[in-house]
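We have chain U already, so just place chain L with the ligands on it with the hints.
Quick note, the sequences are listed as chains U and L, same order.
Number 1651 in the numbering used here belongs to position 482 of the first sequence; there are no gaps in the numbering.
Number 75 in the numbering used here belongs to position 35 of the second sequence; there are no gaps in the numbering.
Keep in mind that the hints were calculated from the coordinates and are not lab data.
Don't take every hint at face value.
As the list claims (entries may be wrong) - Below, a sample of chain L positions facing chain U; criterion: calculated Cβ distance under 10 Å:
{"hint": "1", "residue": "Glu-50"}
{"hint": "2", "residue": "Ala-98"}
{"hint": "3", "residue": "Gly-128"}
Stated by the list, open to error - Between beta-carbon pairs, the in silico distance windows are:
{"hint": "4", "chain 1": "U", "residue 1": "Gly-1522", "chain 2": "L", "residue 2": "Pro-127", "range": "33 to 43 Å"}
{"hint": "5", "chain 1": "L", "residue 1": "Phe-57", "chain 2": "U", "residue 2": "Thr-1432", "range": "28 to 38 Å"}
{"hint": "6", "chain 1": "U", "residue 1": "Gly-1247", "chain 2": "L", "residue 2": "Asn-113", "range": "31 to 41 Å"}
{"hint": "7", "chain 1": "L", "residue 1": "Pro-56", "chain 2": "U", "residue 2": "Gly-1431", "range": "28 to 38 Å"}
Predicted model only: the values in this text are computed from it and were never measured.
For every residue, glycine included, the Cβ atom is placed at its ideal position computed from N, Cα and C.
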Amino acid sequence: MPTSPSEPYDLAVIGAGPAGLAGAVTAGELGLSVALLDAAGTTGGQYFRHPAPGLGAARPQALHHDWAAFAALRRRLGASGVTHLAHHHVWTVQRQDDGPWTAHALTGAEGDTPVRVRARAILLAAGAYERQLPFPGWTLPGVVGAGGAQAMLKSGLVLPGQRVVVAGSGPLLLAVASSLATAGAHVPAVIEASGYLGYAHRPLTLVANPHKLLEAAVHGTALLRHRIPLRTRSAVTEVHGTDRVEAVTVSRLDRDWRPLPGTGRRIACDALAVGHGLLPRTELATGLGCATRRAPDGTHALALGDLQETSVPGLWAAGETGGIGGWQLACAEGELAGIAVAARLRGLPALTGSRRVRDLARRRDRMRAFADTMAAAHAPGPGWTGWLTDATDVCRCEEVTVGGIREAVTGLGARDTRTVKLLTRAGMGWCQGRMCGTAVACLAAAGTEQGTVPPSAERRPLAVPVPLGALADQPAENDRTS
Amino acid sequence: MARTPADLVEAEPDPPFEITFDGRTVTALPGQSVAAALWGAGILAWRTTRHGGRPRGAFCGIGQCYDCLATVNGEPNRRACLVPARPGDAITTQEGHGHADLAV
Ligand SMILES: Cc1cc2nc3c(=O)[nH]c(=O)nc-3n(C[C@H](O)[C@H](O)[C@H](O)COP(=O)(O)OP(=O)(O)OC[C@H]3O[C@@H](n4cnc5c(N)ncnc54)[C@H](O)[C@@H]3O)c2cc1C
Ligand code: FES
Chain U
1170 MPTSPSEPYD
1180 LAVIGAGPAG
1190 LAGAVTAGEL
1200 GLSVALLDAA
1210 GTTGGQYFRH
1220 PAPGLGAARP
1230 QALHHDWAAF
1240 AALRRRLGAS
1250 GVTHLAHHHV
1260 WTVQRQDDGP
1270 WTAHALTGAE
1280 GDTPVRVRAR
1290 AILLAAGAYE
1300 RQLPFPGWTL
1310 PGVVGAGGAQ
1320 AMLKSGLVLP
1330 GQRVVVAGSG
1340 PLLLAVASSL
1350 ATAGAHVPAV
1360 IEASGYLGYA
1370 HRPLTLVANP
1380 HKLLEAAVHG
1390 TALLRHRIPL
1400 RTRSAVTEVH
1410 GTDRVEAVTV
1420 SRLDRDWRPL
1430 PGTGRRIACD
1440 ALAVGHGLLP
1450 RTELATGLGC
1460 ATRRAPDGTH
1470 ALALGDLQET
1480 SVPGLWAAGE
1490 TGGIGGWQLA
1500 CAEGELAGIA
1510 VAARLRGLPA
1520 LTGSRRVRDL
1530 ARRRDRMRAF
1540 ADTMAAAHAP
1550 GPGWTGWLTD
1560 ATDVCRCEEV
1570 TVGGIREAVT
1580 GLGARDTRTV
1590 KLLTRAGMGW
1600 CQGRMCGTAV
1610 ACLAAAGTEQ
1620 GTVPPSAERR
1630 PLAVPVPLGA
1640 LADQPAENDR
1650 TS
Chain L
41 MARTPADLVE
51 AEPDPPFEIT
61 FDGRTVTALP
71 GQSVAAALWG
81 AGILAWRTTR
91 HGGRPRGAFC
101 GIGQCYDCLA
111 TVNGEPNRRA
121 CLVPARPGDA
131 ITTQEGHGHA
141 DLAV
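Chain U extracted, bound-state conformation (with noise of 0.2 Å):
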């Protein structure tokens, strides 16, 4: 902790999963002072995320494989000195020349008091959410994103149905559906577009990973377990319902995701859960004009350096963020920036070149290669908009159509999101083109030769709404130093 309360934090941790909680804890170890600042109550991220104590959840650990390591960074939180800001809404990172740099956060009962955090180093590690696809229907109460149905499952508790498929694309799925069966739900079937057989182009990868050869036998030990059909080359291309979900019709898909005519079944369910990957949470750091990379899947991640260092000096970055590639990378990704942020603070550039340093990176590279092959083999195929219909909405907040969206394009000669969206409205409301975004880079494209999808990161200014009074308002004493 500062030793006075004006003096800022060494580093200022932002997100509280497995990346900042490893980088939290490990900054903290060497005698850092850290606050960790998550928007969420409790610590543990997407992947760690569990029920509040008021749940009384005796065996947590029944909803996750690799409880002990949580355990174990949780006590190493508690000993560290870190300060845990929770319900800590981060909406923008601020440096003054070459002075500490000030997170902006929102808190409170109302989630509307201004908190600012001040530190030398920040650590972004805000992960990822879920890329989602449009398909009829996709609106209807009772379709919710397969990673939102593991979260309020883990952390609340709940189901969002009896009869829940399972569909969209990626090895989440797969856990999604363990989870969900596990916990009482009647899984009728895991829908995957990809045919899984993009890892046995790249054998050498998965041998050198055997921890996810590991987990897919656990989560299809699961399926097995639960008589749970994994269908691939498939999709949603329907739901049914009036007021919510009814039924799903699955259609088998070419290689390119083009759906075959002539293909649908009709499966009764009461929810769906659904998604096509996972996206960088990335908005904090490009608005700081950090540099991104494109990954195999299409998805743009902050490019980082050896050290996990973004390209703006004094912001390093962990996890998802950087990148799609699960827990453990997150991990050994998180304490590696621990590490050369206490190298860099306190001018002791020997601690990474350490052989714990050296460890960590090769099994950074060695995750990320992995990472990158699961992404290429779990990218959207081309084909996916056949499966649209001019009705379907796509735009969630603004509720704007596939068809608003083509005219934009074919009428009105819109090549890209920014066009679309100034022409429809289409990424303009509540979520700012989080859940929509993909679907229209998709749509615009195919205006364009190369028809794939956005050329440059998005840029949102404020990584969450604020209240007009809040940008307004910043008084001093809601200042956190100490």
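For chain L with the ligands alone, kept in the frame of chain U given last:
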């Protein structure tokens, strides 16, 4: 095999409490978000859209999509998936945009 998520983790929650949804009593458990309490009662929609008047509820589950906006104790535009449920909370269906008091 566990029959409910609470059985699975051998939950022994603190005493449950009541909140209301459009006047109807809903039982919530300490530590649940407003959205979790509503899902627990089988309620999946608590907002209608501005243009189409269509029902919506929690979608992303992690504070990113803003589909779960609810009016909590008279205050509109609260993300039900993030707001902890508290004894006596009155949740009401939010129609359209409640009122627009946000910058972005
Ligand atoms: C909804 C969802 C569910 C998932 N479920 C699983 C699963 O069951 N199994 C699995 O293997 N993988 C799961 N994942 C993948 C998972 O993200 C990771 O592998 C792992 O949790 C990544 O760790 P991280 O530390 O990089 O990020 P996260 O664990 O995502 O942690 C990031 C943290 O940053 C906080 N944060 C972000 N922005 C801000 C801000 N502006 N202000 C304050 N706090 C902020 C978030 O609240 C969060 O706690 C899930 C992902 C998502 C999006
Ligand atoms: S469910 Fe997406 S913000 Fe609450």
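Holds or violated: 33 to 43 Å for the Cβ distance of Gly-1522 of chain U and Pro-127 of chain L? 56 Å, violated
Do Phe-57 of chain L and Thr-1432 of chain U keep their Cβ atoms within the hinted range of 28 to 38 Å?
For Thr-1432 of chain U against Phe-57 of chain L, whose Cβ atoms are near 49 Å apart, the range 28 to 38 Å is violated.
message = Checking hints one by one. Is Gly-128 of chain L an interface residue toward chain U, by the C-beta closer than 10 Å rule?
response = 14 Å, violated
Should the hint that Gly-1247 of chain U and Asn-113 of chain L are 31 to 41 Å apart at their CB atoms be regarded as holding? Since Gly-1247 of chain U and Asn-113 of chain L have Cβ atoms about 34 Å apart, the given range 31 to 41 Å holds.
- Within 28 to 38 Å or not, the Cβ separation of Pro-56 of chain L and Gly-1431 of chain U? 50 Å, violated
Restraint satisfaction for Glu-50 of chain L [CB to CB of chain U, less than 10 Å] = Holds, about 4 Å.
* **Restraint check, 10 Å cut-off on beta carbons, for Ala-98 of chain L near chain U** => Nearest chain U Cβ about 6 Å off; hint holds.
In this structure, the hints that do not hold are numbers 3, 4, 5, 7, in rising order.
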